[in-house]
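As they're listed, the protein sequences go chains L and S.
Under this note's numbering, the residue at position 222 of the first sequence is numbered 222, and the numbers go up by one with no gaps.
Under this note's numbering, the residue at position 46 of the second sequence is numbered 46, and the numbers go up by one with no gaps.
Simulated from the structure, these hints should not be mistaken for laboratory data.
Be careful, since some hints might not be right.
[As the list claims (entries may be wrong)] Listed next, the in silico DSS-like pairs over lysine-lysine satisfying Cα-Cα at most 25 Å (straight line):
hint: 1; chain 1: L; residue 1: Lys313; chain 2: L; residue 2: Lys253
hint: 2; chain 1: L; residue 1: Lys169; chain 2: S; residue 2: Lys161
hint: 3; chain 1: L; residue 1: Lys253; chain 2: L; residue 2: Lys265
hint: 4; chain 1: L; residue 1: Lys169; chain 2: L; residue 2: Lys95
hint: 5; chain 1: L; residue 1: Lys169; chain 2: S; residue 2: Lys207
hint: 6; chain 1: L; residue 1: Lys263; chain 2: L; residue 2: Lys274
hint: 7; chain 1: S; residue 1: Lys161; chain 2: S; residue 2: Lys201
hint: 8; chain 1: S; residue 1: Lys129; chain 2: L; residue 2: Lys169
hint: 9; chain 1: S; residue 1: Lys186; chain 2: S; residue 2: Lys201
hint: 10; chain 1: L; residue 1: Lys120; chain 2: L; residue 2: Lys24
hint: 11; chain 1: L; residue 1: Lys24; chain 2: L; residue 2: Lys169
hint: 12; chain 1: S; residue 1: Lys161; chain 2: S; residue 2: Lys236
hint: 13; chain 1: S; residue 1: Lys46; chain 2: L; residue 2: Lys169
hint: 14; chain 1: L; residue 1: Lys274; chain 2: S; residue 2: Lys129
hint: 15; chain 1: L; residue 1: Lys24; chain 2: L; residue 2: Lys95
[Said to hold, decoys possible] To list a few chain S residues with every Cβ distance to chain L over 10 Å, as calculated:
hint: 16; residue: Gly27
hint: 17; residue: His50
hint: 18; residue: Gln54
hint: 19; residue: Leu57
hint: 20; residue: Arg136
hint: 21; residue: Val140
hint: 22; residue: Ser146
hint: 23; residue: Ala200
hint: 24; residue: Gly232
We put the CB at the ideal spot given by N, CA and C, even for glycine.
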Amino acid sequence: MMPFAGIDIGSTMTKVVIADEQEKILASHIGPTGAEHRHLALKVMDDTLRSLAHSRAAGVGGVVSSSTYGKSTSASPPPDRLGITPKAEGNDIVKEITLENLDFIVATGYGRINVPFADKQITEITCHARGIRSLFPSARIIIDIGGQDSKGIKLDADGKVANFVMNDKCAAGTGRFLEVISETLGINLTDMGDLALSADGIVQISNTCTVFAEHEVTSRLAEGAGVAEIVAGLHEAIASRVVNMTRHLGIEKDVVVTGGGAKNKGLIRAIAGKVGFDVLTPPEPFITGALGAALVGRDFYNRGVRPAREREKKEVTFFT
Amino acid sequence: MNDEKKYYAGLDIGSVSIKAAIVGDQGLIASGLIPSGGHYKDAAKKVMDHALAQAGLSFDGLSGLIVTGLGAESSPFPARQVSDISCQARGCSILFPSARTIIDIGGQFTKAARITPEGRIADFLMSEKCATGSGRFLQVIARILSVPLDEIGPLSLQAEKPVEFSTNCAVFAESETISRIAEGAKPADILAGVHRAMAAKVSMLVKRLKLTPDVVLTGGGGEDRGLALAIGDALKTEILVPDFPRLSAAFGAACLAREEQTTKSGGQNARPRNGFKAAL
Numbered sequence: 001m002m003p004f005a006g007i008d009i010g011s012t013m014t015k016v017v018i019a020d021e022q023e024k025i026l027a028s029h030i031g032p033t034g035a036e037h038r039h040l041a042l043k044v045m046d047d048t049l050r051s052l053a054h055s056r057a058a059g060v061g062g063v064v065s066s067s068t069y070g071k072s073t074s075a076s077p078p079p080d081r082l083g084i085t086p087k088a089e090g091n092d093i094v095k096e097i098t099l100e101n102l103d104f105i106v107a108t109g110y111g112r113i114n115v116p117f118a119d120k121q122i123t124e125i126t127c128h129a130r131g132i133r134s135l136f137p138s139a140r141i142i143i144d145i146g147g148q149d150s151k152g153i154k155l156d157a158d159g160k161v162a163n164f165v166m167n168d169k170c171a172a173g174t175g176r177f178l179e180v181i182s183e184t185l186g187i188n189l190t191d192m193g194d195l196a197l198s199a200d201g202i203v204q205i206s207n208t209c210t211v212f213a214e215h216e217v218t219s220r221l222a223e224g225a226g227v228a229e230i231v232a233g234l235h236e237a238i239a240s241r242v243v244n245m246t247r248h249l250g251i252e253k254d255v256v257v258t259g260g261g262a263k264n265k266g267l268i269r270a271i272a273g274k275v276g277f278d279v280l281t282p283p284e285p286f287i288t289g290a291l292g293a294a295l296v297g298r299d300f301y302n303r304g305v306r307p308a309r310e311r312e313k314k315e316v317t318f319f320t
Numbered sequence: 001m002n003d004e005k006k007y008y009a010g011l012d013i014g015s016v017s018i019k020a021a022i023v024g025d026q027g028l029i030a031s032g033l034i035p036s037g038g039h040y041k042d043a044a045k046k047v048m049d050h051a052l053a054q055a056g057l058s059f060d061g062l063s064g065l066i067v068t069g070l071g072a073e074s075s076p077f078p079a080r081q082v083s084d085i086s087c088q089a090r091g092c093s094i095l096f097p098s099a100r101t102i103i104d105i106g107g108q109f110t111k112a113a114r115i116t117p118e119g120r121i122a123d124f125l126m127s128e129k130c131a132t133g134s135g136r137f138l139q140v141i142a143r144i145l146s147v148p149l150d151e152i153g154p155l156s157l158q159a160e161k162p163v164e165f166s167t168n169c170a171v172f173a174e175s176e177t178i179s180r181i182a183e184g185a186k187p188a189d190i191l192a193g194v195h196r197a198m199a200a201k202v203s204m205l206v207k208r209l210k211l212t213p214d215v216v217l218t219g220g221g222g223e224d225r226g227l228a229l230a231i232g233d234a235l236k237t238e239i240l241v242p243d244f245p246r247l248s249a250a251f252g253a254a255c256l257a258r259e260e261q262t263t264k265s266g267g268q269n270a271r272p273r274n275g276f277k278a279a280l
């Protein structure tokens, strides 16, 4: 049996996971979506397969060869990017995993329609739920904080999606809120969470609107408020917005926070404060949607669903 | 009988600009407008001095003053404060006796008020939660396009195919604007699209108040002809705009100061008409 792939094209990051029948992650890839992302679906998939082949060749099969921002970590990729080359690994002849011989490929995320080689397109709600269910069987609420939207998902006891709420209309309560204001403050987005944790208090941000909050931050700074305390206030503002949205679903244990927002410890603390108990985060919050996509593909395959047509390898452009 | 002429002033301390207006018995005789900057007090003093000089008066020559606007607390002159929407209503109903609805689009807030034939507030709504309905939305997009604020209106009128935004959030619209520019959209079409998005938001506010014509548009938004037309389209009604839309609250404040005095002294004053046109 061959593995399954999930590709999650988010507004900010593109994620790929290749997982096997046992729901183990064989390889993953995280890269910025960028302006060119519409051409990149094939490339990120290739990169992931290449780093998987590389780690298998090096005899470290099963190790997550997660590439970080930007490029794949593989040092010297095989020249034949999609060719099938049999490789010896111990006594077994291991077939190289290629785009063509993966058992199932599922695309998700807001760019999922731009993945021509996917066998199915599935919404990120379903995929996140599936990925989280695999990592945390006890999860009942998922809060996904993405770069451009945020979602609350309620799971039933079987881990199926019972209900969800979503905000993609307003930048407040999404990663964009912090992104915009971190620019104003001249602070790296990735440093914002730790800065919030170092605060001695909280400067309340009264505006919901990102544009107005940006202005409010400048005024507070002019009044002499501390940067860390302001940043803590911004995290409080996002946390209360996403938690209040999720309250409509009825919050119960366990709560898992995922998406890029879950990388931010300050935000996790603020969310835990609002829900009233500790929340869980995946080891790699970026890839839960892609993992879920791969596992949804696995579930399809196990129910006898097969790819309906030949996988197209062409790169699509959005504006044609 | 006292035939000495009397003068009254209104001072409107807003977040973006500070406005002063001086009225006599017949209407507006002087005015001034400067950016608020960081020091409201200094700026307010400056604009008042400017208006007084234009009128050939000293501060002591004023018989009454009313201060209004977001920064009314920062007034350098001790005076009674009246809410800006009350001043706006007074000013607009003098300029346009048929006005029943006022839309004030400022730098930060949008306000809508239904007014009585006497120029008093019957109902009032304000949008302060979201930048989309406010002038800030336009400022954000104009900055990306490098279009000065006062050129937005004329430029937008050249639009051929207004861009339709998929979002109502100013932050998301900002990134959408960048993608649209990359796709080749013209600045005029983008600005016209912003006008439509704003008009949709503003008209929701007005409809919640129950739309009652005539509708007057004031504030910085009133200086943007493209926006006025877009709001007119959204509300399916004609929009009246004062000659100097940013001054109408200061003008209304000055008129309220005059009415206060004449009521106190029991005198009757003929209601001046078209103050702005008379003065300028």
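- Message: Let me make sure I understand: some of the numbered hints might not hold for this structure. Which ones are they, in numerical order?
- Response: 1, 4, 11, 13, 20, 21
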